[in-house]
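Participant: Residue numbers (UniProt numbering), protein chains in the order written: chain G, 1 to 608; chain Z, 1 to 608.
The hints are simulated quantities; they were obtained by calculation from the structure and are not laboratory data.
A few of these clues could be false.
Note that the list lumps identical chains together, so a pair holds whenever it fits in one copy or between two copies.
With a straight-line Cα cutoff of 27 Å, these simulated BS3-like cross-link-like pairs (lysine-lysine) come out [unchecked claim]:
{"#": "1", "residue 1": "Lys259", "residue 2": "Lys305"}
{"#": "2", "residue 1": "Lys283", "residue 2": "Lys301"}
{"#": "3", "residue 1": "Lys96", "residue 2": "Lys263"}
{"#": "4", "residue 1": "Lys259", "residue 2": "Lys96"}
{"#": "5", "residue 1": "Lys96", "residue 2": "Lys301"}
{"#": "6", "residue 1": "Lys96", "residue 2": "Lys256"}
{"#": "7", "residue 1": "Lys305", "residue 2": "Lys283"}
{"#": "8", "residue 1": "Lys305", "residue 2": "Lys256"}
{"#": "9", "residue 1": "Lys305", "residue 2": "Lys96"}
{"#": "10", "residue 1": "Lys605", "residue 2": "Lys301"}
{"#": "11", "residue 1": "Lys256", "residue 2": "Lys283"}
{"#": "12", "residue 1": "Lys263", "residue 2": "Lys283"}
There are 2 protein chains.
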Amino acid sequence: MPERDLQYLAELAAQLRVDSVRAAAAAGSGHPTSSMSAADLMAVLFACHLRYDFTDPGNPANDHLIFSKGHASPLLYSLYKAAGIVDDEELLSFRKRGSRLEGHPTPRLPWVDVATGSLGQGLPIGVGVAMAGRLERLPYRVWVLCGDSELAEGSIWEAAEHAGDEGLANLTAIVDVNRLGQRGPTRHGWDIGAYARRFGAFGWHTIEIDGHDPGQIDFALSDACNTRRRPTVILAKTRKGEGVVEVENREGAHGKALKDPGKAVEELGGPRDVRVEVRAPEKAPTPHRFESGQLELPAYKVGDKVATRAAYGEALKALGAARGDVVALDGEVADSTKTETFGAAFPERFFEMYIAEQQMVAAAVGLQVRGWKPYAATFAAFFTRAHDFIRMAAVSRASIRLVGSHAGVAIGEDGPSQMGLEDLAMLRALYGSTVLYPCDANQTAALVAEMADVEGVSYLRTTRGSTPVIYEPGERFPVGGSRVLRHSPDDRATIVAAGVTVHEALAAADELAASGVPVGVIDLYSVKPVDAAALAEAATTTGTLITVEDHRLEGGLGDAVMDAVCELGPRVTKLGVTGLPGSATPEEQLSDARIDRHAIVAAVKRLL
Amino acid sequence: MPERDLQYLAELAAQLRVDSVRAAAAAGSGHPTSSMSAADLMAVLFACHLRYDFTDPGNPANDHLIFSKGHASPLLYSLYKAAGIVDDEELLSFRKRGSRLEGHPTPRLPWVDVATGSLGQGLPIGVGVAMAGRLERLPYRVWVLCGDSELAEGSIWEAAEHAGDEGLANLTAIVDVNRLGQRGPTRHGWDIGAYARRFGAFGWHTIEIDGHDPGQIDFALSDACNTRRRPTVILAKTRKGEGVVEVENREGAHGKALKDPGKAVEELGGPRDVRVEVRAPEKAPTPHRFESGQLELPAYKVGDKVATRAAYGEALKALGAARGDVVALDGEVADSTKTETFGAAFPERFFEMYIAEQQMVAAAVGLQVRGWKPYAATFAAFFTRAHDFIRMAAVSRASIRLVGSHAGVAIGEDGPSQMGLEDLAMLRALYGSTVLYPCDANQTAALVAEMADVEGVSYLRTTRGSTPVIYEPGERFPVGGSRVLRHSPDDRATIVAAGVTVHEALAAADELAASGVPVGVIDLYSVKPVDAAALAEAATTTGTLITVEDHRLEGGLGDAVMDAVCELGPRVTKLGVTGLPGSATPEEQLSDARIDRHAIVAAVKRLL
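Using the sequences and the hints, build the whole thing.
Facilitator: Below you can see the structure in the form of structure tokens.
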């Protein structure tokens with residue numbers, strides 16, 4: 001690289017440091033030192049290797065840059081300023097109310113794919129974006145800036161395994177090994193060889209460099225671009241707070257504005273007005289797309305017994321035939337979740353993620369960055385493994401579809417480790433989420449199709465065992481709706497159920513009716529949003545609601561019902577799982593948990 | 001090893017297979033093939049290397065054996081039968097209602113330390129048990145039987161990193177590489193070298209063997225015992241369903257009873273009555289214990305402003321001086337959570353777990369196996385990363401204490417990625433959990449001490465910013481209690497709050513009182529269990545409750561209140577976070593989320 005270019009890169013990096021210090025100073029908080037260590041890495045990336053059309057963030061040929069170390073947001077925003085898409089005034093609005101320049105990057109900025117800030121997530125999501133590139137046969141590259149501290153997260157090694165084994169050569173991780181975490185030194189300090197051995201063992205091409213030497217950085221980035229069949233990790237030894245004596249390579253300087261920003265800016269050579277011209281990508285080939293056709297959902301005969309998980313598999317296959325943008329992921333349990341039905345029909349659009357639920361959800365988030373409609377499935381219980389990824393997907397406003405099978409005690413003998421009993425609580429509490437829980441196969445099929453266009457995180461809960469088909473094929477089940485299954489003007493109470501307990505509620509209602517106690521039954525298949533109008537109607541007419549769910553009492557269907565009617569003041573009795581189940585048959589489990597037909601009858605009689 | 005011994009070991013292994021087949025056949029379900037692959041490994045371990053006194057499971061010198069692949073429970077129970085502690089009748093009660101022999105092992109059996117069945121957890125928990133052994137200077141060994149499929153879980157590599165870097169030579173992982181997962185082949189099949197490279201890179205001693213050769217197994221187990229300064233992983237190439245043609249090394253034979261168990265038993269040479277004498281350990285030295293003394297909790301002056309996270313750190317230090325059994329863990333944020341206060345005072349009892357929340361919670365579970373009282377802290381938001389581990393801790397009836405700092409929008413500028421807004425929902429929905437949320441420093445100190453003897457999973461939620469001290473030092477705050485902070489016979493409504501919103505509620509009550517609207521205020525510091533009596537009193541006297549929480553509306557304080565009073569039919573209005581926050585000051589955040597004093601006043605006025 002000519003001396004002139006090296007000088008330019010040094011100037012650009014100095015400006016990035018200056019602007020990082022200034023932004024944090026204006027905010028009175030933030031992470032300038034974590035930005036300063038990575039300034040040279042990003043200066044060279046922007047000036048020499050990134051291919052991005054900032055005037056057209058949706059250009060399919062654009063590279064993708066993810067700041068996995070999201071707290072280095074001042075650096076990212078300083079890069080945007082150098083690229084001329086954020087002005088100095090906006091830069092200094094960093095972390096202020098209403099500013100797009102939040103403490104950690106979010107997709108409120110059109111050039112940010114996903115929110116980061118929970119460490120160890122950017123690389124797994126980058127794997128998903130790289131998978132999309134391969135699926136679409138696009139030449140873009142995915143660049144992920146990682147911190148060294150976050151390499152302690154297991155999710156990083158799920159990503160390393162998937163990318164290494166799949167040979168995602170379009171993915172490059174750039175690790176800013178600045179030796180210092182938040183609280184003090186990292187486990188391996190500047191031993192970049194320790195990280196190289198780990199990534200190497202997972203099949204990555206590894207490059208060890210001085211992260212403040214533009215020539216070495218340029219060489220490493222070129223090497224990454226030229227590497228075939230393997231992802232590349234660039235392990236860059238850097239100094240946190242580089243360039244400013246007050247903070248350089250010092251403990252206790254994490255996550256705060258500098259004490260003397262004026263002096264720091266001076267030390268760094270003062271403000272500059274260096275611009276970086278990021279090269280737009282070559283015109284890309286048209287992204288590869290899969291065929292679309294007519295939607296012909298499976299149809300089940302009323303009275304037959306079919307597991308909703310089986311209906312999920314068949315409906316997803318039908319949806320896959322109708323929509324080329326639907327893809328499916330599974331956590332090595334596709335024979336249980338029934339994703340295998342889709343996988344057999346559309347192997348190119350099915351991703352086996354093995355038992356790595358964090359990477360599975362992250363891959364779904366990455367795929368939807370490019371507009372794909374991912375459905376990701378595992379046991380309901382095991383989505384708890386990916387809770388933080390689902391939470392961050394909500395912050396990213398990502399549209400992903402999760403399907404949790406083997407819900408509740410109704411799974412039977414396998415016992416509590418396999419029972420999804422907390423999934424409704426987990427999914428309901430997320431920003432903008434949708435939670436669906438069908439009770440029969442036709443309803444499941446309709447909801448699977450419905451989910452395709454739901455924005456945000458949506459969740460479908462399926463049941464292991466077979467349940468009777470009670471709805472005709474082709475009936476509509478809009479998100480936010482419910483179905484009144486039993487109703488008379490004489491109803492003395494209303495039972496609200498979903499999924500497996502709908503059938504228990506119907507049996508209880510029949511038994512109660514036979515003994516002269518008419519009760520209503522509502523199938524609340526949309527647990528979030530709930531059909532507040534239907535619940536209010538029941539609350540004001542019968543005045544007594546009994547909710548019953550195969551889930552813990554906290555945070556599930558019962559709470560959703562109460563939330564909808566609490567200002568109206570009806571009496572609400574909640575039935576749900578309170579104890580710790582062991583092994584037993586499904587029928588014994590429902591009985592022991594006191595959520596079966598007999599328990600419902602007893603609860604109604606007690607109330608009236 | 002003499003031929004006679006090899007024959008015995010082969011006979012014992014054959015019996016373990018036979019009994020695994022028989023148990024699953026009796027149950028009509030279960031995982032016999034996953035048991036058969038590991039039978040030789042466990043036969044040699046029990047006969048030659050395990051040191052365990054089955055008559056005294058609490059013997060501190062006992063080795064610990066964790067079936068990380070918990071679905072191989074038929075093998076474990078067959079081993080118990082061979083050891084003479086479970087009889088054949090009980091063996092055949094496998095998976096039946098009321099049996100201790102559940103589908104996946106749980107501590108209902110006195111020889112089982114922790115519940116397993118969610119894969120990738122046994123090894124990280126084993127790391128915790130090994131840490132306890134080192135802390136107590138006990139010579140026991142920790143043996144963990146892993147499956148190959150579960151090595152895809154990131155949590156395995158968090159464990160590999162921690163154990164490798166700490167040099168936990170008392171830990172041995174035995175990986176049953178049978179090539180087949182649930183759905184089909186694993187990523188690496190029989191490439192045990194792939195696993196060896198990975199574990200080797202993380203600093204482990206690796207041994208590759210034929211897992212059906214007793215001589216090789218014996219050698220490997222001896223080698224593990226003789227290895228210093230490094231944990232050992234034995235990578236054993238095995239065949240799933242070994243010994244029975246119907247299932248051996250065949251896909252589609254996972255997790256089900258054999259079709260023809262009679263023929264399989266015959267193929268395996270028929271039932272036997274081989275017994276294994278597991279050697280009891282040598283008498284161990286007295287476990288090392290730390291000094292205990294008087295509890296002198298920090299005292300804060302009413303009216304001062306102190307962050308509850310700071311009070312947590314100081315109270316934990318005081319508790320550490322009083323109780324030698326208290327240990328603390330942190331996820332590389334001890335300067336934020338304030339665990340550093342304890343760490344500085346008791347470095348031997350402080351464990352830096354780096355940014356690996358799953359391993360942190362698993363280590364806490366492992367430490368409590370040996371009776372330690374672990375407190376594990378990180379940001380409230382980041383406990384979502386360990387949700388599945390916390391869920392399984394509840395299934396294990398493990399007593400661990402979690403402390404989540406930086407709760408809610410009140411953290412201010414850092415933005416949504418760092419805000420704990422779903423933690424109450426997550427923690428409340430767990431079996432037998434306790435959820436505490438103090439509003440001032442003295443209350444925090446009291447609750448930190450209270451938690452030490454709480455059984456099960458308990459959780460304390462702390463706040464980043466300073467809040468006024470409103471309680472006198474030394475006041476008692478029992479779990480399940482509440483405090484009435486404002487009350488008059490004329491109250492027209494009752495505001496229920498906890499943590500940061502208590503102060504907003506008090507300000508709102510003052511403003512309302514000044515405008516002639518007296519309202520009560522309850523500090524519901526114990527979110528689970530709740531003080532149902534106090535809430536019922538408020539519900540029946542004022543008839544109108546307003547809950548306000550710095551948490552999402554779903555699954556938190558408001559739902560806890562509704563749950564307690566729903567059968568009484570009061571009107572309840574819930575205030576909580578509904579939108580997606582950005583960056584802003586703490587005051588702006590509370591205002592924008594409509595959970596500050598002004599929002600409370602407006603809500604009361606609207607209701608009345």
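Participant: It remains to establish, for every hint, whether it holds in the given structure.
Facilitator: Hints, one by one, checked against the model:
{"no.": "1", "hint": "Lys259 x Lys305", "verdict": "between (69 Å within a copy, 24 Å between copies)"}
{"no.": "2", "hint": "Lys283 x Lys301", "verdict": "neither (51 Å within a copy, 68 Å between copies)"}
{"no.": "3", "hint": "Lys96 x Lys263", "verdict": "within (24 Å within a copy, 73 Å between copies)"}
{"no.": "4", "hint": "Lys259 x Lys96", "verdict": "within (19 Å within a copy, 66 Å between copies)"}
{"no.": "5", "hint": "Lys96 x Lys301", "verdict": "neither (58 Å within a copy, 33 Å between copies)"}
{"no.": "6", "hint": "Lys96 x Lys256", "verdict": "within (15 Å within a copy, 58 Å between copies)"}
{"no.": "7", "hint": "Lys305 x Lys283", "verdict": "neither (53 Å within a copy, 60 Å between copies)"}
{"no.": "8", "hint": "Lys305 x Lys256", "verdict": "between (61 Å within a copy, 22 Å between copies)"}
{"no.": "9", "hint": "Lys305 x Lys96", "verdict": "between (57 Å within a copy, 25 Å between copies)"}
{"no.": "10", "hint": "Lys605 x Lys301", "verdict": "neither (34 Å within a copy, 53 Å between copies)"}
{"no.": "11", "hint": "Lys256 x Lys283", "verdict": "neither (42 Å within a copy, 53 Å between copies)"}
{"no.": "12", "hint": "Lys263 x Lys283", "verdict": "neither (45 Å within a copy, 65 Å between copies)"}
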